[in-house]
Structures are given as C-alpha cells and as structure tokens.
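S.K.: Sequence:
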Amino acid sequence: ALFAALLLTAMAGLGLGKSREREVLASLYERRDFTLLDDKGEFFRLGSLPERKLALLVFTPDGIPTDDVKPFFDFGRHLDEIRGRGIEPFLVSRTNREIARNFKEAAHFSARLLLDAGGSVGRIAGAWENSPASTWAYALVDRSFRVLWLANSDRPMSYARLTEELQKAR
-13 ALFAALLLTA
-3 MAGLGLGKSR
7 EREVLASLYE
17 RRDFTLLDDK
27 GEFFRLGSLP
37 ERKLALLVFT
47 PDGIPTDDVK
57 PFFDFGRHLD
67 EIRGRGIEPF
77 LVSRTNREIA
87 RNFKEAAHFS
97 ARLLLDAGGS
107 VGRIAGAWEN
117 SPASTWAYAL
127 VDRSFRVLWL
137 ANSDRPMSYA
147 RLTEELQKAR
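Residue numbers (the numbering used here): -13 to 156.
Rather than coming from a laboratory, the hints here were simulated on the basis of the structure. For every residue, glycine included, the Cβ atom is placed at its ideal position computed from N, Cα and C. It is possible that some hints are incorrect.
Here are the simulated DSS-like cross-link-like pairs (lysine-lysine), alpha carbons at most 30 Å apart as the crow flies [claimed, not checked]: (1) K154 to K26; (2) K26 to K39; (3) K39 to K154.
Ranges of calculated distance between the beta carbons of each label pair, as one might list FRET restraints [said to hold, decoys possible]: (4) T(-5) to N88: 21 to 31 Å; (5) L134 to T(-5): 11 to 21 Å; (6) F(-11) to T21: 17 to 27 Å.
Using the sequences and the hints, build the whole thing.
M.R.: Here it is as structure tokens:
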C-alpha cells in the first residue's frame, strides 16, 4: 500500500511538472517583442519601431551560400521601395557574425543585420521550423511580433516575387 501511494504521488508530481513545462513553453512562444544584437554591437528591439511601421525579417540559411550573393544583391536594390511601403527590412541570421556581415557587405545590402545566434526569433516567427540550415525565410511582422505573412524559399526571393506574395497576403 505504501509503495502504491508513493508511486501515485510520483506520477502526480510528474504530471504536474509536465503541465507546468507546457505552460512555460507556451508563454515563451507568446512573446510579443524581441531584442537582438546587430552587427555593429548595438541592440535593436522590435517594439521600438514606429506604431504603423512593419518589419520584413529576412532569415538567412545557416552558412549563407556564396552563390546567393548576386540574387540577394538584386533584391537589396529595392530596399528603398520596400521602406516606401512602410516596411523596414532586416537581415536576421543565426550564422557567425563575421560570415553574416561579409555576406551583407558583398551583397551591398543596406538594411540592418540582426544576429539571432540561438534561433529563438526565427523559431517563434515560424521561419526556422523546417530546415534552417538551407532555407531562406521571409516574415512580415508588426511591432507586436504578430506574423502577418511568412514564406520559405530555397534561394533568395526576388523583389518581384516578394511584392506578389505580399499583395496576396493582404
């Protein structure tokens, strides 16, 4: 009888612990802001964006293939047009800071580079759920970190395709 009571108590404790674990994980995924370090060592907080401005988070694959410099350069030439639509673009990478910075410079990408070494922002946005090692992902979010649109691509998305996708999403 004592053994049965101890076993039931242990099982109840395990069940309670699992329930609490789910609550903690759920609260982490309900985050409505984030703070990331940029490639210049400054912090950026999503909540600091102006009220009506949206953020386009462009998530790089791990390692960032050098073959992607040219198509990404072509995309980056349109950043002023993106900004003109009330959208602030950001390059977000889990990759080593120097590799990500070198890619950004080689592609002449003028948007801010944010370093998400742990991948939490990409996971919460849903960008790095499938295959972060080889996938580009694009997320349009508001300053409360609500994902308004999300797309994955094997290669950097062209500006024309991005525009089409965003129009479909609206």
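S.K.: Each hint should be assessed against the structure and marked as holding or not.
M.R.: Status of the hints after comparison with the structure:
1. K154 to K26: With a Cα-Cα distance of about 35 Å, the restraint between K154 and K26 is violated, given a limit of 30 Å.
2. K26 to K39: holds, 23 Å
3. K39 to K154: Distance ~19 Å between K39 and K154 Cα, so the pair holds.
4. T(-5) to N88: 21 to 31 Å: violated, 57 Å
5. L134 to T(-5): 11 to 21 Å: violated, 47 Å
6. F(-11) to T21: 17 to 27 Å: violated, 50 Å
Taken one by one, the earlier hints fail for this structure at numbers 1, 4, 5, 6, listed in ascending order.
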